Amino acid sequence: MARREETDQEAAAPPTQRPATSVPVLGVGMVGYAFMGAAHSQGWRTAGHVFDLPMEPALAAVCGRDRAAVDAAAARLGWAAAETDWRALIARDDVQLVDICTPGDSHAEIAIAALEAGKHVLCEKPLANTVAEAEAMAEAAERAAARGQVAMVGFNYRRVPAITYARQLIAQGRLGTLRHVRAAYLQDWLVDPESPLTWRLERERAGSGALGDLGAHIVDLAQYLAGEPLVGVSAVSETFVRERPRLAGPPAGLSGAADAGARGAVTVDDAALFTGRLASGALASFEATRMAAGRKNALRLEINGERGSLAFDLERLNELSFHDHTEPAATAGFRRILVTEPQHPYLEAWWPPGHALGYEHTFVHQARDLVRAIAEGTAPAPSFADGLQVQRVLAAVEESAEKNSVHTPVAL
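Heads up: the sequence shown begins at -18 in my numbering, then just goes up one per residue.
Hints are computed from structural coordinates only; laboratory data are not their basis.
Every value quoted in this text rests on a predicted model; they were computed, and no experiment measured them.
Certain hints may be false.
Derived DEER-like restraints, expressed as beta-carbon distance ranges [stated by the list, open to error]:
1) R317 with G157: 20 to 26 Å
2) E380 with S236: 28 to 34 Å
3) E120 with P231: 42 to 48 Å
4) P333 with V387: 50 to 56 Å
5) E219 with G358: 45 to 51 Å
6) H161 with V4: 30 to 36 Å
7) R57 with H306: 49 to 55 Å
8) E308 with S236: 55 to 61 Å
9) R57 with A241: 38 to 44 Å
10) E308 with G275: 45 to 51 Å
11) W332 with V387: 35 to 41 Å
12) E287 with A56: 52 to 58 Å
EDC-like mimics (lysine to aspartate or glutamate), calculated; alpha carbons at most 20 Å apart, straight line [to be verified]:
13) K277 with D305
14) K384 with E219
15) K384 with E268
16) K277 with E296
17) K277 with D169
18) K384 with E357
19) K277 with E341
20) K277 with E383
21) K277 with E209
All residues carry an ideal CB built from backbone N, CA and C; glycine is no exception.
Working from the sequences, and respecting the hints, build out all of it.
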């Protein structure tokens, strides 16, 4: 296995005090430390212990507004220091990469400032809350690229080995000309009308609801797997619960304790459904909802082509279903591929065949790919330009839904 061995003394030392290694250190500073912050921390902590990396990620500092809370998060997640001002984090000499895990309303300001300060940037999805913000971020990333900096969007599901392998099969022509892409992302954490009003339900913080939270993922995956963009959409959306109790304290995961005496308006969608057309003429359909009772994190994809089909279910994320339509009809059918072989993407450094990976490993793979891009001076994917393309699709979906589902071109 391709792991860098570590002495007991190294493992016990804090990241900034570890003995010098044969590879340079990449100091990471992270803004935000909740759900996504914890997931990104897992990726940064683990990547160098699994893969042979050309640079060693060091968890230099984490940033949050509450001093006590961010200090506790730094200790829990393995960060060497804590800041309460993201500007101070960007200014640190031991931070070369800024990882943004905040709500969407702060992405543009932090990312552009970090890029202008000469830092590399990783930004959680969706890239921004508006197309204008995403355009400014993409332009800043393009200017930074001329100076040797990189900027990447955190669409982590691209790093599921089965999805990466599906992209390889499609790129090899195993499905032939594509006809259909179907994508659905279903959750149920908002089914209860008394579930509290978190920032994900406020347009000024989140930009949109299920559309941006879940729909952004499946739009990115559809375009990534097909290898081409969506050029037009027709959409409907709905907010089923328009008022909810406010939070009684800090959020816990996706939810928190409700304040029975105070209520606020939900200003984003609960669900969005839309159809689309890819540049080649292939058809696509999408469903994103946080109101599907019984569905916890159900992301499902199917791609049909003239020569075969692929299907994926996140709840069985080590498996890929593949149908080769060129085989004799008497024996043809979907077959289960267990994506755990060392020949599969990312699996050369993990466990023996048949030993499954999970959700958290996508963030390890994300860290690996970004570190390699920085060290090699190559453009990482998905880029800020890719994030902007997704933002334009989301904007077209919202425009179509507002205009009674009229077909709406995606801006170029």
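Here's how the hints hold up against the structure:
The supplied range of 20 to 26 Å is met by R317 and G157, whose beta-carbon atoms lie about 21 Å from each other. Distance hint for E380 and S236: a CB-CB separation of about 30 Å, consistent with the stated range 28 to 34 Å. Restraint check, E120 to P231: a C-beta distance of roughly 35 Å breaks the suggested window 42 to 48 Å. A hinted range of 50 to 56 Å holds for the C-beta pair P333 and V387, which are about 53 Å apart.
Restraint check, E219 to G358: a C-beta distance of roughly 46 Å satisfies the suggested window 45 to 51 Å. Remark: the range hint 30 to 36 Å for H161 to V4 is contradicted by a beta-carbon distance near 45 Å. For R57 and H306, the Cβ-Cβ distance of about 50 Å falls inside the hinted range of 49 to 55 Å, so the restraint holds. Taken as a hint, the range 55 to 61 Å is violated for the pair E308 and S236, whose Cβ atoms sit roughly 47 Å apart.
Roughly 31 Å separates the CB atoms of R57 and A241, a value that falls outside the hinted 38 to 44 Å. Restraint check, E308 to G275: a C-beta distance of roughly 35 Å breaks the suggested window 45 to 51 Å. For the pair W332 and V387, the supplied restraint of 35 to 41 Å is violated, since their beta-carbon distance comes to about 50 Å. Distance hint for E287 and A56: a CB-CB separation of about 55 Å, consistent with the stated range 52 to 58 Å.
Under the criterion of a C-alpha separation no larger than 20 Å, the hint pairing K277 with D305 is inconsistent with the structure, at around 31 Å. For the given pair, K384 sits about 13 Å from E219 by alpha-carbon distance, which is consistent with the 20 Å threshold. Annotation: proposed proximity of K384 to E268 holds, straight-line Cα distance about 18 Å (limit 20 Å). Taking the CA atoms of K277 and E296, the gap is near 9 Å; set against the 20 Å cutoff, the hint holds.
Taking the CA atoms of K277 and D169, the gap is about 6 Å. The hint holds against a cut of 20 Å. For the hint pairing K384 with E357, the CA-to-CA distance comes to about 46 Å; that exceeds 20 Å, so the pair is violated. For the proposed pair K277 and E341, the alpha carbon gap of about 16 Å is at most 20 Å, so the pair holds. Using a Cα cut-off of 20 Å, the hinted pair K277 and E383 is violated, with the two alpha carbons roughly 28 Å apart.
About 29 Å separates the Cα atoms of K277 and E209, which puts this hinted pair outside 20 Å; it is violated.
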